[in-house]
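Let the sequences and hints guide you as you build the complete structure.
All the letters of the sequence shown, read from the start, carry residue numbers 1 to 628 under the UniProt record's numbering.
Simulated from the structure, these hints should not be mistaken for lab results. Take these hints with a grain of salt, some might be off.
[Claimed, not checked] Simulated DEER-style distance windows between Cβ atoms:
(1) GLU408 / THR433: 19 to 25 Å
(2) ARG260 / LYS224: 47 to 53 Å
(3) GLN148 / GLU92: 38 to 44 Å
(4) GLU140 / HIS204: 24 to 30 Å
(5) THR524 / LYS371: 23 to 29 Å
(6) SER225 / THR263: 54 to 60 Å
(7) PRO360 / LYS285: 37 to 43 Å
(8) GLU50 / TRP81: 35 to 41 Å
(9) GLU50 / SER316: 38 to 44 Å
(10) THR238 / HIS204: 17 to 23 Å
(11) THR407 / HIS204: 28 to 34 Å
The structure displayed is predicted, hence computed values, not measured ones. By construction, the Cβ of each residue, glycine as well, lies at the ideal position given by its N, Cα and C atoms.
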Amino acid sequence: MFPTSNRYITDFSKVALPATSKGNGPDTTFDVIIVGGGTAGCALAARLSEDPSISVLLLEAGGSGRMIFTTIPSAFSKLFWNPQYVFQFRTEPQENARSLRKFWPRARMLGGCSSINAQMAQYGAPGDFDQWAKIIRDQEWDWKNFGQAFRKFESYTPNPNYPNVSTALKGSSGPVEVGYNGYYGDSARDFVESCLNKGIPLKHDFNTTDGPNGVNRIMTYIDKSVRRVSTESAYLTTEVLNRPNLKVVINATVTKLLFRTSTGQAGEKEKKVVGVDFAQNEKGKVWRAKAREEVVLCGGAINSPQLLLLSGIGPSEHLSSHNIEVIHDLPGVGKHLVDHPVVDFWFKDKSKQAPSFLIPQGVGDVVSTIKEAAMYYGSSGKGKLGTNWGEAACFVRSDDPAIFPPTEYPIPPCIRKRAGEGEMIYDSTSGPTSPDLEIFITTLGYKKHGKWSWKYPTFALHACLLRPLSRGELQLKSASPWDHPIMDPKYLSSEDDLAKLVRGARFCLNLARTEPINSRIDHTDQDGLDGKTYMKTDEELEEIVKDRVETLYHPTSTCRMAPPEDGGVVDSHLRVYGIKGLRVCDASVFPEIVSGHTAGASIAVAEKCADIMKGELRGGDSNKNVHV
1 MFPTSNRYIT DFSKVALPAT SKGNGPDTTF DVIIVGGGTA GCALAARLSE DPSISVLLLE
61 AGGSGRMIFT TIPSAFSKLF WNPQYVFQFR TEPQENARSL RKFWPRARML GGCSSINAQM
121 AQYGAPGDFD QWAKIIRDQE WDWKNFGQAF RKFESYTPNP NYPNVSTALK GSSGPVEVGY
181 NGYYGDSARD FVESCLNKGI PLKHDFNTTD GPNGVNRIMT YIDKSVRRVS TESAYLTTEV
241 LNRPNLKVVI NATVTKLLFR TSTGQAGEKE KKVVGVDFAQ NEKGKVWRAK AREEVVLCGG
301 AINSPQLLLL SGIGPSEHLS SHNIEVIHDL PGVGKHLVDH PVVDFWFKDK SKQAPSFLIP
361 QGVGDVVSTI KEAAMYYGSS GKGKLGTNWG EAACFVRSDD PAIFPPTEYP IPPCIRKRAG
421 EGEMIYDSTS GPTSPDLEIF ITTLGYKKHG KWSWKYPTFA LHACLLRPLS RGELQLKSAS
481 PWDHPIMDPK YLSSEDDLAK LVRGARFCLN LARTEPINSR IDHTDQDGLD GKTYMKTDEE
541 LEEIVKDRVE TLYHPTSTCR MAPPEDGGVV DSHLRVYGIK GLRVCDASVF PEIVSGHTAG
601 ASIAVAEKCA DIMKGELRGG DSNKNVHV
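Below is the structure:
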């Protein structure tokens, strides 16, 4: 563990009283309590505590992510199946995907999913945030304004191999180091060249005002020492943790929000959140901490709506079915669940450069792992352990005829019949320069979320649908905070989603037969590999998509920022409608899912939330303009 870990609190009595106690202790009341030390929670805690007049308590259900193992960029997949570090969530059976329950790992540690993700620093498209502003009817969330929050957290490290990245468009002094510091292998280079040969333009920077469309190596959240940058390591530094106004408690699961009811000036009843109950485990003692001003939920798209529902905020009929007292009927809680579905294609690497030792299949791989680790640490992280797996990507529009010519990519019959003369798949993008497909390469082919691989070198191409139309829902399984909620993303419930993923799948298969990556592949179909899958019809590819569709680990929008009449849960200042002193700050507030990877937008939301809250708390109006 890193030295800062001993600054985390495990003795709950230092910040709380037993829930059965009456009154408040002098050290158990804080201005702000943050529930969840994930991607957004760590950033929010650090920024709020910059103001010494604001006392902050951060409660995290897991422990620290500051293990040497987790700082190695390639090592994250080893954590997915460990319940100590990752919630072992599974979806409901997916009706349109063979009725399979899909594995949905979500981090259980400080830094959240920034501690276990593939470190791909791509933020979406500017049109996404312009769309956010239209949905919430507040221009502070458009790209021109909200884009400043990305630059605030960034510390871009220029690389002489990428001279066309404009440093004028990058942050240079933020806590989160981004750049081209990880391993970049030959298969990823061939991927980029092959995409160029398929007519996809070179994109010098995926995070600029003109949108991400194009292909290149992807920037990463990896520092100059080739170590993972999580929001824990970036924001909860020794200096920050030494602040007397910040307390960080680990292994603390919040089980319930506490309310106080009062009478407003107009005689109406007002409910305000005044604290939280939490415990270490299901059988542990329940502790209580109080909040003078606000509680902010940063549990992500699964745990934030779950806690709202457990506390009586959500659809009244659903709450009553679990005998939960309805504090506020808010129908949008848990609705609009959306995720990025991805389909994988695997190829035998006849160059034998793929790092098979990352998923050991025998003694030989274990020995290779040890040797690679020794080289990695002995050469300042220059070995293949420094890969983030997803080293290169391209972002495209599925309706671009230059990339998807109609002769190769005919409109599917189901879409053609519905669309009539236009024969166009529905445009779900956020604007004309926004993509709806991401095609990327991983340095090693894997199955079961990195649990299994082949005994010989492989790599994989992936088609991810960035703007799905399928919408699901999150509900409670029971009134117990220790039961996982019911998660149903309803993958492929939109026929457009299936049609676009088939297009993406066809592109992957065509790309695999394009030089120079074609020469790297042994086009075999043995052991379930996809060397000959290009011979399949679109109808057969539909079945493959249904078989293989999985999560890209990006669930969002279950507490979305939108007007309440449109199913919104929070307003443009992230305040929960109808409840004073309560906000949500994480990917659950996204009005719509972004056209890319969600970590950057989650950090930017935290930066934005901190600015809003500091202004309101200093001005004493943190609870003004609360919608009822």
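Hints the structure fails to honour: Those not satisfied come down to hint 10.
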